[in-house]
Structures are given as C-alpha cells and as structure tokens.
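Peer 1: Single-letter residue listing:
Number of protein chains: 2
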Amino acid sequence: MKKSPLENSRCIEVCFTPKLYSEIQTKDGYIVVLVDILRATTSICAAFENGVKNILPVATLEEAKSMKDQGFLVASEQDGKKLDFADFGNSAFNFSAESIGGKTLVYCTTNGTRALDLAKKSDKIAIGAFINLTALTNWLIDQDRNVVILCSGWKNKFCLEDTIFAGALTEKLLVTKQFSTSCDSAAAAVDLWSLARPDILGYIEKAAHRHRLKKLGLDDVIPYSFAIDSTRVVPVYMKGEIVDEQKVD
Amino acid sequence: MKKSPLENSRCIEVCFTPKLYSEIQTKDGYIVVLVDILRATTSICAAFENGVKNILPVATLEEAKSMKDQGFLVASEQDGKKLDFADFGNSAFNFSAESIGGKTLVYCTTNGTRALDLAKKSDKIAIGAFINLTALTNWLIDQDRNVVILCSGWKNKFCLEDTIFAGALTEKLLVTKQFSTSCDSAAAAVDLWSLARPDILGYIEKAAHRHRLKKLGLDDVIPYSFAIDSTRVVPVYMKGEIVDEQKVD
Numbered sequence: 079m080k081k082s083p084l085e086n087s088r089c090i091e092v093c094f095t096p097k098l099y100s101e102i103q104t105k106d107g108y109i110v111v112l113v114d115i116l117r118a119t120t121s122i123c124a125a126f127e128n129g130v131k132n133i134l135p136v137a138t139l140e141e142a143k144s145m146k147d148q149g150f151l152v153a154s155e156q157d158g159k160k161l162d163f164a165d166f167g168n169s170a171f172n173f174s175a176e177s178i179g180g181k182t183l184v185y186c187t188t189n190g191t192r193a194l195d196l197a198k199k200s201d202k203i204a205i206g207a208f209i210n211l212t213a214l215t216n217w218l219i220d221q222d223r224n225v226v227i228l229c230s231g232w233k234n235k236f237c238l239e240d241t242i243f244a245g246a247l248t249e250k251l252l253v254t255k256q257f258s259t260s261c262d263s264a265a266a267a268v269d270l271w272s273l274a275r276p277d278i279l280g281y282i283e284k285a286a287h288r289h290r291l292k293k294l295g296l297d298d299v300i301p302y303s304f305a306i307d308s309t310r311v312v313p314v315y316m317k318g319e320i321v322d323e324q325k326v327d
Numbered sequence: 079m080k081k082s083p084l085e086n087s088r089c090i091e092v093c094f095t096p097k098l099y100s101e102i103q104t105k106d107g108y109i110v111v112l113v114d115i116l117r118a119t120t121s122i123c124a125a126f127e128n129g130v131k132n133i134l135p136v137a138t139l140e141e142a143k144s145m146k147d148q149g150f151l152v153a154s155e156q157d158g159k160k161l162d163f164a165d166f167g168n169s170a171f172n173f174s175a176e177s178i179g180g181k182t183l184v185y186c187t188t189n190g191t192r193a194l195d196l197a198k199k200s201d202k203i204a205i206g207a208f209i210n211l212t213a214l215t216n217w218l219i220d221q222d223r224n225v226v227i228l229c230s231g232w233k234n235k236f237c238l239e240d241t242i243f244a245g246a247l248t249e250k251l252l253v254t255k256q257f258s259t260s261c262d263s264a265a266a267a268v269d270l271w272s273l274a275r276p277d278i279l280g281y282i283e284k285a286a287h288r289h290r291l292k293k294l295g296l297d298d299v300i301p302y303s304f305a306i307d308s309t310r311v312v313p314v315y316m317k318g319e320i321v322d323e324q325k326v327d
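From first to last, the protein sequence lines stand for chains A and B.
Quick note: to get the numbering used here, add 78 to the position in the first sequence (first position is 1).
Quick note: to get the numbering used here, add 78 to the position in the second sequence (first position is 1).
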C-alpha cells in the first residue's frame with residue numbers, strides 16, 4: 079500500500095563510502111540501504127535465500143570468537159579470507175541450505191559490519207545487492223521513507239561495484255515518480271550504471287576490487303554477485319539481528 | 079624534458095572530497111592537483127591570466143581580515159557570496175587586469191583553501207581548472223611525479239563538476255602512456271567525463287551546485303568555467319604563496 083500520495087515526495091541520497099556518512103543531508107525518516115556487492119550484502123541475501131533463520135552481525139573479531147565459543151555458526155573474514163576459527167568466510171557460495179537452513183548465523187566482515195554499525199541511527203537498515211534488486215525496490219516503495227544508499231566501498235574509498243548498484247537502485251526508485259534526488263553522488267551513480275548495464279561483467283573488469291579477489295582466488299562468485307533478481311529476500315536489520323522482511327510480512 | 083622513460087611508471091589517484099584525502103594510497107613523490115571548478119581554482123587561474131603577481135591563500139576569515147588591515151587586496155566569500163570587508167568575492171569575473179594586474183591578492187574561500195591546507199604534505203600543489211587543462215597536463219608530464227587529483231567537492235560531499243574535470247585530466251595523462259591508474263575513483267571520473275564531454279554545459283545542469291549558484295545569482299560565470307584551455311597559466315602553491323609556474327620557468 080502506498081502511504082505517500084505526493085509525487086516525488088521522498089528523497090534519495092547516495093553515500094559513496096562510510097567515511098562520508100557523517101556528511102549526509104537527509105536528516106529524518108530515512109531507511110539506509112547498505113551495499114557491499116563484493117561481498118557482504120550479496121552473501122547475506124544468499125544466506126536468506128538458502129533459509130538462514132536470522133543473522134547476528136558483529137563488528138569485531140573478539141565478539142565473533144566469543145559467539146563461536148557459545149556454539150553459534152560463525153562467518154568471519156579479513157581482507158576476503160576466511161579466518162581459522164570461523165565456520166565460513168564471506169563467499170555467497172559458503173551458505174548452502176544444508177549448512178545454514180533454519181539456523182542462526184553470526185556474521186563478522188571487514189567492511190559490511192562497520193557500515194552497519196554506522197547506520198544504526200536510521201529508521202531501518204536494509205541489505206541491498208543486485209541479486210535482490212527488484213524485491214528491495216518494491217519493499218522500499220512501500221515504506222514511506224526517504225532512502226540513503228550507503229556503499230561500503232573499500233577501506234573507506236569509493237568503489238565501482240557498489241556505486242553501479244546504487245545507480246541501478248536509484249534509477250528504479252526514480253521511475254516510480256515517488257522519489258526525487260538533488261544529490262550529485264546519486265546522479266553520478268545513475269550515469270555510471272547506464273554505462274555498466276549493457277555488459278555488467280565486462281564493465282566491472284575495471285574495478286580494482288575485482289582484481290584483488292582474483293589474486294586471492296576468490297572471484298568465482300563474481301557472476302553470481304551481478305545476476306540481477308536471483309532472490310526475492312529483503313534482509314533488514316533491526317534490534318541487533320538481520321531478518322528477512324519478506325517473511326516477517 | 080621527460081625524466082621518466084618507463085611507460086606507465088607514474089600513478090594517478092582521484093580523491094572525490096577533502097574528507098577522503100586521508101585515505102589516499104599514493105604514498106610518496108606526488109603532486110596534488112587541487113580542483114574547485116565552481117569556483118576557487120577557476121578564479122585563481124583567471125587571476126593569473128589577468129596578471130596577478132602572486133596569491134596568498136588563507137584558511138580563516140580572521141586571517142583575511144588581518145591581511146586587509148595590512149593593506150592587501152583581499153578576496154573572501156562564504157557560500158559563494160562576497161563578504162563585506164573584502165575587495166572581491168570569488169567570481170573569476172572579479173579579477174580584471176585593472177584591479178589585480180601586478181598586485182598581490184589574499185584569497186580566502188570556503189572550500190578551496192581548506193583543501194589547499196590539507197594537501198600541504200605533498201611535493202607540490204597545482205591549481206587545476208578546465209580553463210588551464212592542457213597547460214596543466216603538459217606541466218604535470220614534465221614533473222616526473224605521481225599525481226593525486228583532489229576535488230574540493232561541496233561541504234565534504236562529492237560534486238559532479240570537479241569530478242568531470244578529474245576525468246578529463248586523468249584521460250589526458252593516461253594517453254601519454256607515462257601514467258597508469260588502479261583507482262576506481264579515477265575510472266569513474268573518466269567515465270563520467272565521457273558522458274559530459276559532448277555537451278558539458280548541458281551535462282552540468284544536473285549538478286546540485288550549479289543550481290545553488292543560480293539561486294544566488296552567481297551563475298554568470300558558468301560558461302567561462304567550462305571553457306577548456308582559455309589560459310596557459312599553471313598556478314602552483316609553494317612556501318605559502320601561489321605563483322604561475324609557467325612564468326617562473
């Protein structure tokens with residue numbers, strides 16, 4: 079149900095890295111869409127697609143280790159590599175239905191959790207990825223809130239893969255005529271998405287992180303990460319846990 | 079004279095806002111190109127084109143006022159508007175040959191000076207604008223240094239006009255084969271420039287700051303600011319003052 083009858087009444091703002099989050103102009107009533115295409119937010123969507131019950135994000139290795147000692151399944155990585163004590167790294171392919179179906183997963187990542195922590199002051203935090211793009215768009219339309227798209231970036235720097243997702247989502251929200259934007263980052267993201275869309279995997283060859291993953295032998299997940307709409311889940315963070323908002327509804 | 083015979087031996091990094099400057103990966107031996115197209119760096123180039131002897135940048139209003147009391151010509155603005163005590167605002171059109179020819183100008187701006195202050199640890203700081211694009215490119219090629227392009231942005235946020243300049247400069251340096259980049263911000267800037275180039279003034283209509291200037295009645299300088307290569311000056315900051323490096327040579 080649309081709660082907002084006015085056209086263009088809600089604003090979209092794009093934040094290229096967590097370091098710029100303190101500068102956002104949107105003051106009240108916004109949902110943060112957290113984006114870390116390679117790989118935390120894609121992997122979180124994959125985990126829900128494969129039936130994880132809920133995900134408990136933690137910001138530090140110490141917390142992750144402590145939760146492991148308490149008997150939880152734990153995903154933890156540093157610079158893309160699985161840490162020894164953990165059950166999983168953060169590849170979307172780790173989270174099979176057999177390993178996580180119906181279970182609680184503790185999730186600690188270099189980039190994603192830090193951004194999640196930053197965004198806690200917003201009304202809600204949704205998890206965005208190409209694999210849930212349309213489901214997320216429809217959910218956002220129903221929320222009657224402004225939208226801030228927070229890209230995780232790489233070590234606080236701008237990254238292309240998160241930005242083209244921000245552009246894709248911005249474009250899908252703008253065509254509804256219920257949103258508008260006067261944010262240069264959003265305009266740039268839409269323009270970069272227009273260049274990437276005809277051949278996303280070709281375009282992303284120029285992204286620095288794509289090559290970092292290749293060096294680490296962790297790039298098998300690339301085609302999956304850019305396959306639009308392979309899932310209908312909308313993971314949302316609230317009260318310390320991430321749950322699938324589609325199931326809650 | 080080219081001091082660097084190796085192909086692709088120098089790197090280019092683009093920093094979208096001063097807030098991200100602390101995250102740059104380029105460690106040693108770099109020149110910072112400071113960019114504030116609307117308007118500080120365009121205006122500084124215009125002042126040198128019209129014969130200013132040198133420019134003393136100051137970071138605070140207090141310093142600017144004190145220099146005015148000492149008899150200097152002072153340019154000072156806040157949010158684009160000239161301050162009462164000052165001789166000039168920061169419009170490029172203020173700096174006519176009659177008003178500044180052969181004189182020293184004290185320059186205080188909201189954005190530009192703050193960025194200049196940040197970049198003081200680099201080897202040299204050059205002033206970049208569309209109006210000196212080719213002269214700056216040629217000077218950078220001769221310097222045998224890495225290049226960090228530091229966009230002033232708007233209140234620490236990303237802005238389109240500085241970014242497309244960063245893309246234009248990056249592209250001109252890359253074609254020499256003496257530079258390379260693995261910076262996603264540089265790749266994005268080049269891509270945005272490819273979209274802007276066929277109709278720069280049309281493209282910049284989507285920039286938020288272009289509309290801010292319109293509201294303030296300060297947008298008369300827009301066509302001048304995007305007129306490529308109207309001057310051959312290369313203003314460079316060293317030892318507390320900005321001088322035209324072309325004249326020094």
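Accuracy of the hints is not assured; some may be wrong.
Chain copies aren't distinguished; within one or between two, either way the pair holds.
[Unchecked claim] With a straight-line cut-off of 27 angstroms between C-alpha atoms, the simulated DSSO-like cross-links for lysine-lysine are:
hint, residue 1, residue 2
1, 198, 143
2, 159, 199
3, 146, 160
4, 105, 143
5, 202, 105
6, 198, 97
7, 233, 160
8, 105, 284
9, 255, 293
In short, the hints are calculated from the structure, not lab data.
Peer 1: All hints, please: hold or fail.
Peer 2: Going down the list of hints, with the structure as the test:
no., hint, in the structure
1, 198 with 143, "within (23 angstroms within a copy, 43 angstroms between copies)"
2, 159 with 199, "neither (30 angstroms within a copy, 34 angstroms between copies)"
3, 146 with 160, "within (14 angstroms within a copy, 61 angstroms between copies)"
4, 105 with 143, "neither (36 angstroms within a copy, 35 angstroms between copies)"
5, 202 with 105, "within (14 angstroms within a copy, 39 angstroms between copies)"
6, 198 with 97, "both (15 angstroms within a copy, 21 angstroms between copies)"
7, 233 with 160, "within (18 angstroms within a copy, 38 angstroms between copies)"
8, 105 with 284, "between (34 angstroms within a copy, 22 angstroms between copies)"
9, 255 with 293, "between (43 angstroms within a copy, 25 angstroms between copies)"
When held up to the earlier numbered hints, the structure conflicts with 2, 4 and fits the remainder.
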